[in-house]
Amino acid sequence: MKNKIKKQFRWALLFFLTPVLLWLVLLIVLPQIDLFIMSFRSENDAGEMIWTVTNYLNFFQEPIYWLTFVRTAIYSILVTFLTFVIALPVAFYITKVVKPKFQGFLTLLLLLPFWVSEMVRVYGWMILLRESGVINHFLLKLGFMTQPIEMLYRDSTMVLGLVYTSILFMVVPLISVLDSLDDSLIEAAYDLGANMWSILFKIIIPHAAPGIVSGSIVVFMLTLGNYLTPNLMGGKNSLWFTEQIYNQFIASFNWNQGSAFGFLLLFLSSLVIWVGLKLSKQSLSKVVQ
Amino acid sequence: MIRSLPQSKGYAIGFKLYVIFYFTFLFAPLLVTCVLAFNDSQFPSLPWKGLTLGWFTADLPERVGIFHDQINLDSIWVSIQVAFFVSLLSVTAGTCAAFLFEQEDFRLKQLLYFLMLAPLVIPGVILGISILMFSTTLGVYFEENWNLDVGLFRPGFWLVVLGQFSFISTLVTLVVSARLKKFDHTLEEAALNLGANRFEVIWHITLKYLRPAIIGAGAVAFLMSFENFNTTLFLVGSEATLPINLYLQVRDGSTPVINAISFLLIVGTSMAALANLYFSKKEA
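Protein sequence lines correspond, in order, to chains A and B.
Note that my numbering has the first sequence beginning at 1, numbered continuously upward.
Note that my numbering has the second sequence beginning at 1, numbered continuously upward.
Don't read these hints as lab results, they were simulated from the structure.
Keep in mind the model is a prediction, meaning the values are calculated, not measured.
Hints may be right or wrong, so weigh each one.
Now the stretches of chain B that chain A is said to cover, found in silico as 3 or more residues with beta-carbon under 8 Å [claimed, not checked]:
hint: 1; segment: 16-29
hint: 2; segment: 146-158
Every beta carbon over 12 Å from chain B, so not counted as near; a handful from chain A, in silico [as the list claims (entries may be wrong)]:
hint: 3; residue: N58
hint: 4; residue: F59
hint: 5; residue: L109
hint: 6; residue: W115
hint: 7; residue: L268
In silico contact screen, one side only, chain A against chain B (beta carbon under 8 Å); selected entries [claimed, not checked]:
hint: 8; residue: F16
hint: 9; residue: V20
hint: 10; residue: I28
hint: 11; residue: P31
hint: 12; residue: M38
hint: 13; residue: S42
hint: 14; residue: V116
hint: 15; residue: Y123
hint: 16; residue: G124
hint: 17; residue: V134
hint: 18; residue: M145
hint: 19; residue: Y190
hint: 20; residue: L192
No residue lacks a Cβ here, since even glycine has one placed at the ideal position from N, Cα and C.
Let's have the full structure, built from the sequences with the hints guiding it.
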């Protein structure tokens with residue numbers, strides 16, 4: 001009897017394990033290994049494939065490549081920081097300040113735009129900001145300007161678009177951590193004479209740390225890997241690293257160079273996530289929940 | 001500071017203004033897109049030239065509304081098919097993974113769990129190129145060794161489905177696992193004691209319990225697939241999905257027909273999102 005149960009349980013294990021293994025091995029593990037291998041292969045002068053580090057050397061020798069890489073990293077950190085600064089008051093307002101009966105409605109309102117495709121949202125910003133756009137139209141009508149100005153294709157618009165695209169992933173974790181913050185802590189601090197800033201830095205931010213970390217990780221990763229927003233809102237000057245990858249793959253058809261770039265991007269994102277987790281002493285499996 | 005504490009008038013008004021400003025920022029691009037879909041102009045911009053439904057219904061040489069625009073209609077249909085298969089596959093794999101990680105024990109479970117989480121931290125672009133390359137490697141290998149030309153390994157419909165499936169499954173796994181964690185195991189034990197075997201228990205009891213989570217995750221998977229761009233970009237063949245198709249049109253200059261499509265998308269996804277929320281609230 002016991003034997004039979006054991007046997008059944010093994011069958012169940014096999015039944016569940018097979019699709020999961022197929023998924024993870026065929027679509028995640030092997031492709032990543034292939035990416036890694038390909039990044040160390042290149043054609044030599046005779047047109048044969050050989051093992052080499054040329055692809056990585058190219059990256060360090062061509063300033064345009066590594067400058068783009070550094071630029072992308074710095075802008076991603078800036079975007080992550082901006083989303084945090086913008087999102088914290090909103091999350092605080094919804095959890096602590098507004099009347100409880102509006103809470104659900106405001107949260108719903110907050111989520112709605114993010115169900116819409118990123119493509120549509122970026123397009124909306126484009127028709128707002130471009131030279132013949134809606135904002136220019138109103139500014140001209142109201143007499144603030146005599147000549148329309150191109151607001152698209154600037155670094156600042158690109159940052160605006162990136163913040164817009166990813167801010168939800170900061171607001172939601174912040175709302176959930178602030179929800180668990182006991183109001184009486186803030187009340188006590190207030191009674192003892194603390195001002196707004198010391199309450200913010202000594203109570204709210206330490207309590208919200210787990211939410212800040214998980215929000216930052218997701219925002220950073222999404223920003224770093226974004227192609228659509230920098231490409232459409234930053235235009236030709238956007239110089240985003242994913243565009244370099246795209247160019248190598250689709251335009252130059254140099255897949256080996258492209259995989260080296262891809263691997264470097266993967267390395268950067270893993271590194272930043274790892275540092276973030278270490279600094280805040282959290283584990284990945286906890287953060288995703 | 002907070003509700004229970006006295007607050008100065010300046011603080012309250014300032015905070016309210018900030019939140020109003022934030023919501024304006026959130027909705028302005030969507031609202032403008034929707035409004036300009038009805039503007040009687042050849043360009044998606046102001047001035048307002050009067051109300052028209054032309055960008056939806058017209059079929060004139062200089063103005064083709066979305067309902068007659070075959071290229072865009074085709075790409076919408078491709079996206080629906082992709083999203084259908086992605087949600088079907090990812091719900092299957094994700095539910096299996098949830099059972100695997102919540103109810104089974106085996107060696108290297110921790111390692112596999114981390115692998116399952118990996119797609120969350122791999123940028124979509126990297127998933128796209130790695131799957132593109134691996135499938136090409138396989139295609140070359142099959143061709144050289146067995147002289148087989150497998151269409152699946154070339155960029156196209158099924159590769160897009162697989163690419164999106166590779167990371168959407170992780171989200172399904174997390175959603176279904178969260179519900180499975182709350183499951184009362186005495187129900188399963190009772191059924192086992194009464195003579196049911198493991199699969200009967202899962203089919204009749206556990207899956208019934210998980211149904212709301214599975215339906216919710218399936219809906220989210222559908223939406224995520226429908227709007228995916230980064231991974232799809234590298235795997236797409238001749239059949240463009242809607243976001244890719246829109247991207248190509250916007251890059252090369254746009255007409256209000258894109259506003260019309262956006263309007264339909266905004267209305268459609270908002271309704272789907274509201275329905276999803278409504279049902280998940282009801283079940284909870």
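Taking the minimum C-beta separation from L109 (chain A) to chain B, is that value above 12 Å?
-> At roughly 7 Å from the nearest Cβ of chain B, L109 (chain A) sits no farther out than 12 Å, so the non-interface label is violated.
Confirm or reject the statement that L268 (chain A) sits farther than 12 Å, beta carbon to beta carbon, from all of chain B.
-> At about 10 Å from chain B, L268 (chain A) fails to clear the 12 Å cut-off, so the statement is violated.
Report holds if the minimum CB distance from N58 (chain A) to chain B is greater than 12 Å, and violated otherwise.
-> Label holds. Min Cβ-Cβ 17 Å, cutoff 12 Å.
Interface hint for Y123 (chain A), Cβ within 8 Å of any Cβ on chain B | Holds, about 6 Å.
How about V134 (chain A): closest beta carbon in chain B under 8 Å, or not?
-> holds, 5 Å
Verify the interface restraint on V116 (chain A): the C-beta must sit less than 8 Å from at least one C-beta of chain B.
-> holds, 5 Å
Apply the coverage criterion to the segment 16-29 of chain B and chain A: a residue qualifies when its Cβ sits closer than 8 Å to a Cβ of the chain, and three qualifying residues are needed.
-> n = 9 at 8 Å, threshold three: holds.
Do the numbers back the hint for M145 (chain A), that is, is its least Cβ distance to chain B under 8 Å?
-> For M145 (chain A), the interface hint is violated, since the closest Cβ of chain B sits about 15 Å away, which is over 8 Å.
Given F16 (chain A) was flagged as interface, is its beta-carbon under 8 Å from a beta-carbon of chain B?
-> holds, 4 Å
Chain B contact restraint on S42 (chain A) - CB to CB distance below 8 Å = At 14 Å from the nearest chain B Cβ, S42 (chain A) fails the 8 Å test, so the hint is violated.
Let me know if the C-beta of V20 (chain A) comes in closer than 8 Å to any C-beta of chain B, holds or violated.
-> Nearest chain B Cβ about 5 Å off; hint holds.
Can P31 (chain A) be said to touch chain B, with a Cβ gap under 8 Å?
-> holds, 4 Å
The structure is inconsistent with the numbered hints 2, 5, 6, 7, 13, 18, 20, although it conforms to all the rest.
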